[in-house]
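Start from the sequences and build out the full structure, keeping to the hints where you can.
One-letter residues, chain by chain:
2 protein chains.
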Amino acid sequence: MSQDILSSLLNDSPAKILLLVLDGLGGLPDPATGRTELETARCPRLDEWAAAGATGLLDPIGPGITPGSGPAHLGLFGYDPIGDIVGRGVLEALGCGLEMAKGDVAARINFATRDAAGLIVDRRAGRISSEEGRRVSELLAKNVEIPGIDVTVRAVKEHRAAVVFRGDGLGGAVRDSDPQSTGVPARAPTPLTDDSAAKRTADAAAAFLAQAREILGGERAANEVLLRGFAAWDPPVPFREKFGLTASAIAMYPMYRGLARLVGMDVLPEMPSIEAEFEALPGALERSDFVYLHVKQTDSAGEDGDFARKVSVIEKVDAMLPAVDAAGPDVVIVTGDHSTPSLMKSHSYHPVPVLMRGGTTYVDATKEFGESASRGGALGRFPSCTLMPQALAAAGRLAKFGA
Amino acid sequence: MSQDILSSLLNDSPAKILLLVLDGLGGLPDPATGRTELETARCPRLDEWAAAGATGLLDPIGPGITPGSGPAHLGLFGYDPIGDIVGRGVLEALGCGLEMAKGDVAARINFATRDAAGLIVDRRAGRISSEEGRRVSELLAKNVEIPGIDVTVRAVKEHRAAVVFRGDGLGGAVRDSDPQSTGVPARAPTPLTDDSAAKRTADAAAAFLAQAREILGGERAANEVLLRGFAAWDPPVPFREKFGLTASAIAMYPMYRGLARLVGMDVLPEMPSIEAEFEALPGALERSDFVYLHVKQTDSAGEDGDFARKVSVIEKVDAMLPAVDAAGPDVVIVTGDHSTPSLMKSHSYHPVPVLMRGGTTYVDATKEFGESASRGGALGRFPSCTLMPQALAAAGRLAKFGA
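Residue numbers (this note's numbering), protein chains in the order written: chain A, 125 to 527; chain B, 125 to 527.
Some hints could be false.
Note: identical chains are not told apart, hence a pair may lie in one copy or across any two.
Under the rule of at most 30 Å between Cα atoms (straight-line distance), these lysine-lysine pairs were calculated in the DSSO-like manner [unchecked claim]: (1) K420 to K524; (2) K366 to K524; (3) K440 to K469; (4) K524 to K281; (5) K491 to K469; (6) K440 to K524; (7) K323 to K524; (8) K524 to K469; (9) K440 to K323; (10) K266 to K491; (11) K524 to K266; (12) K266 to K469; (13) K420 to K491.
If you're looking for bench data, these hints aren't it; they were derived computationally from the structure.
Quick caveat: nothing in here was measured; it's all calculated off a predicted structure.
In structure tokens form, the structure reads like this:
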């Protein structure tokens with residue numbers, strides 16, 4: 125469906141939509157029980173919502189493709205997760221609150237430790253504290269000077285930071301300087317294409333790295349900077365324009381706030397806990413047509429291979445859902461951005477269970493929320509980037525196409 | 125699948141195909157019973173066909189998109205429902221039997237009533253009789269004269285008629301003169317784009333409206349003409365060429381006969397009843413490779429929010445199906461162009477149950493025809509514009525692609 129046609133169908137219904145993303149929700153069955161994390165969890169409210177609405181399975185990118193969080197979220201937000209793909213550097217920069225303008229190039233920074241011979245001995249500088257990370261980031265921000273190019277550096281967490289290069293004719297096609305292993309020197313940030321924009325950015329990055337080594341020469345741990353994920357910023361059509369919805373984002377982690385900011389959502393301040401996220405929900409729903417609430421801990425448990433912990437995070441979220449019912453969004457969606465089966469300790473390509481409730485959603489016979497039950501649900505299996513049009517339709521926000 | 129590839133696979137199998145469209149067939153479950161209109165209807169023959177063939181769900185346009193009848197039918201007929209979209213004016217003109225050539229522009233007419241101050245007081249001229257409608261349409265047809273442009277007017281029904289403008293360099297991008305409300309004057313039919321074709325057509329429409337006010341000045345009710353749905357006619361690849369099938373259409377309502385004529389089907393005369401439509405079927409199947417039979421009343425009942433009447437229309441159709449078995453088409457498809465849930469009193473975006481029987485159709489385990497059962501059927505869920513290739517394949521009319 126082209127943006128032109130979709131735009132022509134948007135109306136001004138007041139119905140509100142909540143998108144609750146349990147990161148990495150999808151799982152694989154425990155061989156002992158035949159049940160996934162979601163199917164093992166006691167979640168009476170999710171089951172009640174499934175009974176009151178429809179379930180299905182979504183493919184974040186395409187069959188067989190394991191998504192990163194960036195493209196996976198863009199799909200959920202209704203964007204083409206391949207065509208609208210955004211580099212990791214941009215996500216990191218937006219996630220830590222750096223402003224970006226069209227044409228800026230961002231990269232992720234790892235502070236690292238190099239020895240006297242110039243070899244990398246620790247790619248994370250001994251995981252310096254966030255306070256230390258802020259201190260060395262500020263050293264760089266204050267002291268780096270590249271003629272014709274504005275350089276901004278901001279700390280993210282521990283050894284991680286982000287840098288934004290602003291200037292005429294920059295491009296994102298630059299090779300990582302991070303060698304991805306120790307005992308070797310950092311690589312040069314060489315251009316990946318022939319165009320002058322890549323060359324110009326590679327030169328700026330090389331100058332940045334050379335100056336950083338000078339500036340950090342006296343540091344014990346963080347005496348080197350590794351750059352990766354160079355990406356130019358070409359902002360997508362804002363969410364509000366695309367779907368006619370004012371939107372708020374509630375998330376604990378910078379990356380997800382960055383993804384929301386990237387599509388133009390209002391992003392609430394960093395939340396300290398899942399409880400705080402749900403406490404912020406009623407106000408956000410008051411202010412916006414659409415709220416995105418992100419729970420990270422399901423994914424973290426899956427990545428750690430901790431089946432039981434993933435189960436308990438799902439149960440914890442379920443216990444908070446009366447707050448959602450009280451806030452009363454018209455249409456509620458619960459899903460994940462991708463699967464993170466505890467059995468794999470990683471993201472996976474398996475389709476993700478999704479539940480929709482409210483508005484004109486089909487009330488199917490599904491009585492519980494889980495991978496197996498979702499296979500027979502009325503939503504069927506669909507590409508995640510069509511979730512938004514379906515939610516708009518359920519909310520009565522899309523007019524008829526053609527007479 | 126490109127038209128070139130499809131054409132190269134067509135063979136001259138004699139197998140015949142029936143497409144039975146129950147308009148707005150798809151529904152939503154009655155909360156009291158959990159069953160939709162189709163699931164509530166006692167339709168032993170449809171259930172028998174479902175048991176003897178395969179079921180599935182089709183998406184007329186795309187997830188979340190509620191289709192009008194025009195694009196929805198084009199999809200069923202195997203055309204791209206977005207790329208091949210046709211304006212309502214063209215459908216109305218074709219529907220009432222006006223011939224159109226490439227480049228002609230058509231618009232829908234509402235006869236209306238204006239007061240002495242020029243304000244619209246009734247947008248339907250008191251719903252004048254069809255006889256009155258014919259009389260005033262003929263007044264216009266005889267008396268309007270626009271230099272360099274042929275104007276044809278034909279009555280449709282009651283206060284509705286169609287007009288076709290033929291001349292060099294016309295285009296369809298013209299604003300409706302229908303203000304969509306009363307107590308205001310008609311709007312000017314201004315061009316919607318900068319090109320000369322829109323300007324030329326807008327001028328012709330303005331001249332038509334000015335002359336119509338003169339010609340109808342003495343009428344008590346139909347003293348004004350409102351134009352809407354301007355559309356230029358750019359005929360699609362004919363159905364016969366596209367699918368190698370001679371085709372007949374049986375329908376009660378002008379719009380659906382217009383849609384069939386649009387793709388080049390032979391259109392049988394207006395039918396007075398569902399019974400008459402099924403009586404015409406054997407002859408049509410005798411003469412053609414493909415027959416499209418349209419039942420409108422399911423949609424009308426859904427639009428009226430009359431769940432019970434929609435159920436009874438489905439049961440009435442079911443009772444006529446022995447006539448289909450007697451006529452013996454090789455492949456039979458039963459579906460809707462879109463969903464019209466009685467609970468919504470409108471078209472909706474929900475996928476539509478579809479049943480195919482005969483030829484090499486997979487015989488799945490489905491034993492009844494309904495939304496829930498169709499979800500597990502062998503046809504799966506698919507875009508409506510791929511129905512025709514599947515029907516051709518079941519009928520043995522498509523050769524292997526590649527060696």
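Between K420 and K491, at a C-alpha cutoff of 30 Å, which is it: within one copy, between copies, both, or neither?
within (26 Å within a copy, 35 Å between copies)
Is the C-alpha distance from K440 to K323 at most 30 Å within one copy, between copies, in both cases, or in neither?
neither (50 Å within a copy, 64 Å between copies)
From the Cα coordinates, with 30 Å as the cut-off, is the pair K266 and K469 best called within, between, both, or neither?
neither (40 Å within a copy, 64 Å between copies)
Tell me, please, which holds for K524 and K469 at an alpha-carbon limit of 30 Å: within, between, both or neither?
Classified as between: cross-chain Cα gap 13 Å, same-chain 44 Å, threshold 30 Å.
For K266 and K491, with the copy left unspecified, which applies at a CA distance of at most 30 Å: within, between, both, or neither?
For K266 and K491, the Cα distance exceeds 30 Å both inside one copy (58 Å) and across copies (66 Å).
Between K440 and K524, at a C-alpha cutoff of 30 Å, which is it: within one copy, between copies, both, or neither?
The answer is between: 29 Å across copies meets 30 Å, while 40 Å in one copy does not.
Are the CA atoms of K323 and K524 at most 30 Å apart within a copy, between copies, both, or neither?
Close across copies (28 Å), not inside one copy (49 Å); limit 30 Å.
With 30 Å as the alpha-carbon cut-off, assign the pair K420 and K524 to within, between, both or neither.
Between copies, since 18 Å is at most 30 Å while 37 Å is not.
Within, between, both or neither, where K524 and K266 count as close if Cα-Cα is 30 Å or less
For K524 and K266, neither the intra-copy (56 Å) nor the inter-copy (37 Å) Cα distance is at most 30 Å.
Pop the pair K366 and K524 into one bin, within, between, both or neither, using alpha-carbon distances up to 30 Å.
both (17 Å within a copy, 28 Å between copies)
For the identical chains here, do K524 and K281 meet the 30 Å Cα criterion within one copy, between copies, both, or neither?
This pair counts as between: shortest inter-copy Cα distance 24 Å, intra-copy 47 Å.
For K491 vs K469, is the C-alpha pair at or below 30 Å within one copy, between two copies, both, or neither?
Classified as both; 29 Å inside a copy, 27 Å across copies.
When each numbered hint is compared with the structure, violations occur for hints 9, 10, 11 and 12.
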